[in-house]
Amino acid sequence: MKKLGIVFSIIMLCGLFSCKHKEGEYHSLKEKIEEEGKHYQDPGISSEAYIGDINTIEITEGGHTFLIPERKGQIKSFACTECHSKSLAQLQKGPKEPKAHWDIKLNHANANAMNCATCHNGTNMDNLHSLTGNTIDFNQSYQLCAQCHSAQFEDWKGGAHGKNIGGWAEPRAAMTCINCHNPHRPQIGSKWPVRFNTEKENERK
Amino acid sequence: MGTFRAFRHMVKDSLDYITHGSKTYHIWMIFLTVIMLIGMYCYSIQLDEGLSVTGMTDRVSWGLYISNFTFLVGVAAAAVMLVMPTYVLKDIDFKQAVLIGEGLAVAALVMCLAFVVADMGGPSVLWHMIPGIGVFNFPNSMLAWDVIVLNGYLFINITIPLYILFRHYQGKEAKSKVYIPGSIISVLWAVAIHLVTAFLYEGLQARPFWNNALLGPRFLASAFAAGPALIILVLAAIRKFSEFKIEDKTISKIAMIVTVAAQINLIMLISELFKEFYAPTHHSESAYYLFFGLEGKTALLPWIWTAIPLNVLATVLLTFHKLRNNTKVLYFCCFILFVAIWIEKGFGLIVPGFIPGPYGKIAEYTPTWIEIWVTLGIWAMGAFVFTMLAKTSIGIELGKLRYKKKKILKSETV
Amino acid sequence: MGDKKKWFQLDLGLGQKQAVAGSCGCGKPSGGCGSHATEPPKNDLTISAEEFDAAVEQELMEDSMVAQTRKDGFQQVFDRKMDRRTAFRKLTASLLVGAGAVHTSCSVTSGEEAKEKAQIDWEEQFKGNYKLMTQEEKQATVDRLVRSYQLRKKENIKMSAADASKDVLFGYAFNISKCQGYMDCVSACVKENNQDRNSQMQYIRIHEMKDGEGFKFNEADDNYYHEVPAEGHFYMGTQCFHCDNPPCVNVCPVQATWREEDGLVVVDYDWCIGCRYCMAACPYDGRRFNWSKPEVPEDEINKNQHYLGNRLRKKGVMEKCTFCVQRSRAGKDPACVEACPTGARIFGNLLDPNSTIRWVLENKQVFRLKEDLGTEPKFWYFMD
Numbered sequence: 010m011k012k013l014g015i016v017f018s019i020i021m022l023c024g025l026f027s028c029k030h031k032e033g034e035y036h037s038l039k040e041k042i043e044e045e046g047k048h049y050q051d052p053g054i055s056s057e058a059y060i061g062d063i064n065t066i067e068i069t070e071g072g073h074t075f076l077i078p079e080r081k082g083q084i085k086s087f088a089c090t091e092c093h094s095k096s097l098a099q100l101q102k103g104p105k106e107p108k109a110h111w112d113i114k115l116n117h118a119n120a121n122a123m124n125c126a127t128c129h130n131g132t133n134m135d136n137l138h139s140l141t142g143n144t145i146d147f148n149q150s151y152q153l154c155a156q157c158h159s160a161q162f163e164d165w166k167g168g169a170h171g172k173n174i175g176g177w178a179e180p181r182a183a184m185t186c187i188n189c190h191n192p193h194r195p196q197i198g199s200k201w202p203v204r205f206n207t208e209k210e211n212e213r214k
Numbered sequence: 003m004g005t006f007r008a009f010r011h012m013v014k015d016s017l018d019y020i021t022h023g024s025k026t027y028h029i030w031m032i033f034l035t036v037i038m039l040i041g042m043y044c045y046s047i048q049l050d051e052g053l054s055v056t057g058m059t060d061r062v063s064w065g066l067y068i069s070n071f072t073f074l075v076g077v078a079a080a081a082v083m084l085v086m087p088t089y090v091l092k093d094i095d096f097k098q099a100v101l102i103g104e105g106l107a108v109a110a111l112v113m114c115l116a117f118v119v120a121d122m123g124g125p126s127v128l129w130h131m132i133p134g135i136g137v138f139n140f141p142n143s144m145l146a147w148d149v150i151v152l153n154g155y156l157f158i159n160i161t162i163p164l165y166i167l168f169r170h171y172q173g174k175e176a177k178s179k180v181y182i183p184g185s186i187i188s189v190l191w192a193v194a195i196h197l198v199t200a201f202l203y204e205g206l207q208a209r210p211f212w213n214n215a216l217l218g219p220r221f222l223a224s225a226f227a228a229g230p231a232l233i234i235l236v237l238a239a240i241r242k243f244s245e246f247k248i249e250d251k252t253i254s255k256i257a258m259i260v261t262v263a264a265q266i267n268l269i270m271l272i273s274e275l276f277k278e279f280y281a282p283t284h285h286s287e288s289a290y291y292l293f294f295g296l297e298g299k300t301a302l303l304p305w306i307w308t309a310i311p312l313n314v315l316a317t318v319l320l321t322f323h324k325l326r327n328n329t330k331v332l333y334f335c336c337f338i339l340f341v342a343i344w345i346e347k348g349f350g351l352i353v354p355g356f357i358p359g360p361y362g363k364i365a366e367y368t369p370t371w372i373e374i375w376v377t378l379g380i381w382a383m384g385a386f387v388f389t390m391l392a393k394t395s396i397g398i399e400l401g402k403l404r405y406k407k408k409k410i411l412k413s414e415t416v
Numbered sequence: 097m098g099d100k101k102k103w104f105q106l107d108l109g110l111g112q113k114q115a116v117a118g119s120c121g122c123g124k125p126s127g128g129c130g131s132h133a134t135e136p137p138k139n140d141l142t143i144s145a146e147e148f149d150a151a152v153e154q155e156l157m158e159d160s161m162v163a164q165t166r167k168d169g170f171q172q173v174f175d176r177k178m179d180r181r182t183a184f185r186k187l188t189a190s191l192l193v194g195a196g197a198v199h200t201s202c203s204v205t206s207g208e209e210a211k212e213k214a215q216i217d218w219e220e221q222f223k224g225n226y227k228l229m230t231q232e233e234k235q236a237t238v239d240r241l242v243r244s245y246q247l248r249k250k251e252n253i254k255m256s257a258a259d260a261s262k263d264v265l266f267g268y269a270f271n272i273s274k275c276q277g278y279m280d281c282v283s284a285c286v287k288e289n290n291q292d293r294n295s296q297m298q299y300i301r302i303h304e305m306k307d308g309e310g311f312k313f314n315e316a317d318d319n320y321y322h323e324v325p326a327e328g329h330f331y332m333g334t335q336c337f338h339c340d341n342p343p344c345v346n347v348c349p350v351q352a353t354w355r356e357e358d359g360l361v362v363v364d365y366d367w368c369i370g371c372r373y374c375m376a377a378c379p380y381d382g383r384r385f386n387w388s389k390p391e392v393p394e395d396e397i398n399k400n401q402h403y404l405g406n407r408l409r410k411k412g413v414m415e416k417c418t419f420c421v422q423r424s425r426a427g428k429d430p431a432c433v434e435a436c437p438t439g440a441r442i443f444g445n446l447l448d449p450n451s452t453i454r455w456v457l458e459n460k461q462v463f464r465l466k467e468d469l470g471t472e473p474k475f476w477y478f479m480d
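Chains as they are written, first to last, in my numbering: chain A, 10 to 214; chain B, 3 to 416; chain C, 97 to 480.
With the rest of the complex left out, here is chain A (with noise of 0.2 Å):
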C-alpha cells in the first residue's frame, strides 16, 4: 500500500507540473497589445511598393495623415473649362438639347436636397463648392461628400469605411469616396456572387 502511495504521489506532482501557464503570458490580448505596444517602434516595413502606378495626394483631416488617389488627373477632359468656356446661366440660353453629359442622371438624396449646383460651380466649372459657396478642388472631393456625410467620412478618416490601397504598411493610401460611390449615384448596386461551392453543396445532403 506505501507503494501505492508513492505511485500515486508522482503521478500527481506530473500532473501539478504539466500547469499550461508559461511564463510571460498576458491575461489577456488587449493586456498584451498594451504591454507590447508601449515600446513600438516602426518594424520599418513599407507598402509603397503596392500602390503601384495610381497617382497618390497626401491629404491631412483630423489629425489622420494618408495617400489618396489623385482625382483630377483621372477625368477625362479635365480641366473642364476647355470646353465649358462660358457660365452655365449663359449656356442654358443655347438649345435646350445636352450636348454632353446626356447620360447623368442624378439619383442622389432627393431633388429638395440636391441638384448639380448643389456640388457643382455654375461659374467655376474647375472646381466644386460647398454648400456655403467655397471652392472645393476635385482632388479634395471628400469634403463635399463630408458636408453631410459626417459619421462616413470620421470612420474613413479612422480607417474604418472604405478599401485600404496596397498594404497594411506605412505609408497608408485610402480609396476616396468617389473611388466606390459614383456621386451622381452612390448607391452600390446588386450583383451575383462569385462563385458557388458544389461540394459543400454534396457534403451536406
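I should point out that these hints are in silico values taken from the structure, not numbers from a laboratory.
Derived coverage of chain C by chain B (criterion: at least 3 residues anywhere in the stretch with Cβ under 8 Å from a Cβ of chain B; other residues may be distant):
#1 350 to 363
#2 376 to 382
#3 387 to 396
Dumping the calculated DSS-like pairs for lysine-lysine here, alpha-carbon to alpha-carbon at most 30 Å:
#4 C:Lys312 with C:Lys466
#5 A:Lys47 with C:Lys460
#6 A:Lys214 with C:Lys410
Cβ atoms here follow ideal geometry from the backbone N, Cα and C, with glycine treated the same way.
Following the hints, position chains B and C against chain A.
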C-alpha cells in the same frame, strides 16, 4: 547465457506451437488472415488515394477509426481489473483469467495503435511522434499523453505476462517480488490510459458534447463493463475449445464486476440525459441529433436506439443473481452489453461531437466500404494476435510447452 | 549545421560540400544546378528580398543558358570532383529513396538530376520541425523546395522564409454592415493560396443571415447563389481568427502548428502527421484537411510563396488561413482584404497606435465570436 538460450527456445517453441493445431484452429486462423488481407488491400487504396476514400469530411473529421480506438482503449484498460485481485489481493481465483486478460489487453492495444495509424493523414512521418527523434508537444497535447500512456501500458502488459510465462516455461515459480510492483503500476496505468483518452475529448471547448466532466468517469464505467464482458465471452470460448480449466467461480466473479460497472454506467447515462434534455441549451444540439435527429438528419437513430435498450436490458438481467448465474443468460447479456457499449462509446460518442459543426452546419457521416473493411481487418488482426498469445500462454500454463521437453510436445495438439 | 540538433538528420554529403566554394550538389563547376544561385542566402543570413529576387532571376537566365550548352552524360561524370566517400553516400541515398529513383539514376543522361532529386527527397523526408530550425536551416529547406520544384516542373518559384518582424502583431476587423456577400474574397483567397481545386477547398465562409434574428449561424446559409445583397439579409465572413490562445496549437501532438511572434497561427505542412486533432479543437471551423492530393492547374499556381503559407501542400496534411503570410510579412494586405470591393475587411498592426485596425478597435463597437471560450481571437466584427 542460459537465460538467453531458454528464451530463444521459448520463442522457437511458441512459434512451433502456434503453427500447429486442430482443424477448427486452422480454419479460424485462415479466416482471420483472409479478412486481414482484405483490410490491408483496402488500406493500400487509402494510402494511395488519401483519406478521401473514407466517409470523413472537414465537417466530421473523425469517424469509425477513432470510434473503435476509443472503445478499445477501454477494453485494454478493463483487462487489468482482473490483475488487481489476483496479484495484489492474492485472490488466486483469477489466476487463469489474468493471463488471458492481459493477452486481451495487448491485442486491444495493438488494435488501438493500428486504428490510430490508419486514421493518420501521413503515416510516413509518424516518426515525428517518437520522443527523442521527433518533437513532442508534452505536456500540452493530450494526444501526446495518450501516445505515452498507451505505449507504456503496452510495454507493461507485455513484460509482466512474459516474465510469468517465461518462469513457468522453465518450470520455475514467478517471483512475486518482481511482478507485484509491475501489476500495481499496471492497475494505476489502466485507469490512466482511459482517463487520458477521455481527456482527449473532454478538453475541447469547441465541442460541447464532449466538454463534459462526466466523460472521464463514464469512460471508466463503460470500459469496466464492456472489457470484462468480452473476457467472459473469451473465457467461455477457451473453455469450449481447449483443456484450459476455468472455474465457474472465476466467471461469476468477473460477472459481478460487469454488473456493477454496467449499473454505474447506466446511472451516469441517466444523469447525462437529464442534463441534456431537462433544460436544453444550444449545447444540447448534439445530443438531440444523436437521440432524435436534427433538421431531418437521422443517421444515428437506429444505432443509438439499438444500443440503449440493449444496455438497459443487459443491466437489468445481470442485476438478478439467478439470471446472472445462468451461464446462457450471462453470455447473452455480456454479448449485448458489449455491442451496446461499442455503439454508444464508438460512433455514438465521436460522430455527434462533430454534429452540428462549429457554425451549426450539419453534414452527416456514413463510413465507406473501404473504411469498414480496414476496420474489420484491424479487428481480425486483434483476434489473430490474441489467439496466438492465448494459445501460447495456455500451452505454457498447461505444461505442454516446457524448456527441454520439446519431444513430448510434438505429438500433442490443442 | 549546429551541434544541438533536435532531431535525427542524415547528412548525405551536401552539407559538407556546401562549405567548398564553387562546388555544389550537381557537381558542375559552374551554374546550372540551382544551388549556386541560391547559395548567397546560406552564407549571408541578412539577405534582402531584392537580393533573393535577383538570385532567382539570375537562376532563370542560367537555366536557359545551360540548356544550350548541356554537357553529355560522360562529361558530367568525369568533370565531377567526387571522392570515394561522397560516391558511397550518393549511392546510399539513391538506394534508400526508392526503386523508382534508382531506376532513373541508371540512365546516364538523367542521372545527375535523379540523384539530386533523390537527395532532396531524402533530406526533406527527414528534416526537422520548421519551428525549431535555425535561420540557416530554414533557408536550406526553402532552397531545397525551390530546387525540387525546378527539377520536377522545369519552372521557378519564389519561396520566402521571412520571419515575423519585431513590433508587429496582426489583427483583422470585419465590418458586418458593409459586407454584401459578393464572395470576391473567397475567390481571391483560393487563387492566392493555391488551394485544392478538386475539393473546392475554401478558407473563408460568408454566412448569409436574416436581419432581426441575431447571429444564428445554424440558420444562416454559407453557400448561397443568388443576387446579393439579398433583401432583408446581412453577411458575415468567418475564417481562421488567429487566436492569441489557440486551442488548436495546444492539442497538436507534434508541434506542427504554432503561433508566430506576429500572431499568425501557422502550420508546418511537412511536419504535420494528419491526426486532425486541431480540427476537432477549433471552435471556429478555421482548419481544412487535404483528404486527397491537392491539385492546382499549372498555370494557376501562385509562384510567390512562403514556407508557412501558400506553398503547394501534399495529401493528408492540415492547412488554414495564414493571413496570407507571404503577403502580410512583406507589408501587403492579405488577398481577401485586397479583393473585397466594399472595404468591409480591415487588416493591420495591432501594436501600431496609428494603424487603422487600432482606430477601429478603439472607436467602434467591436465584438468577437465565442469570446467565452477564452481563445482571444485577433479577428473583430463591428458595425457602422
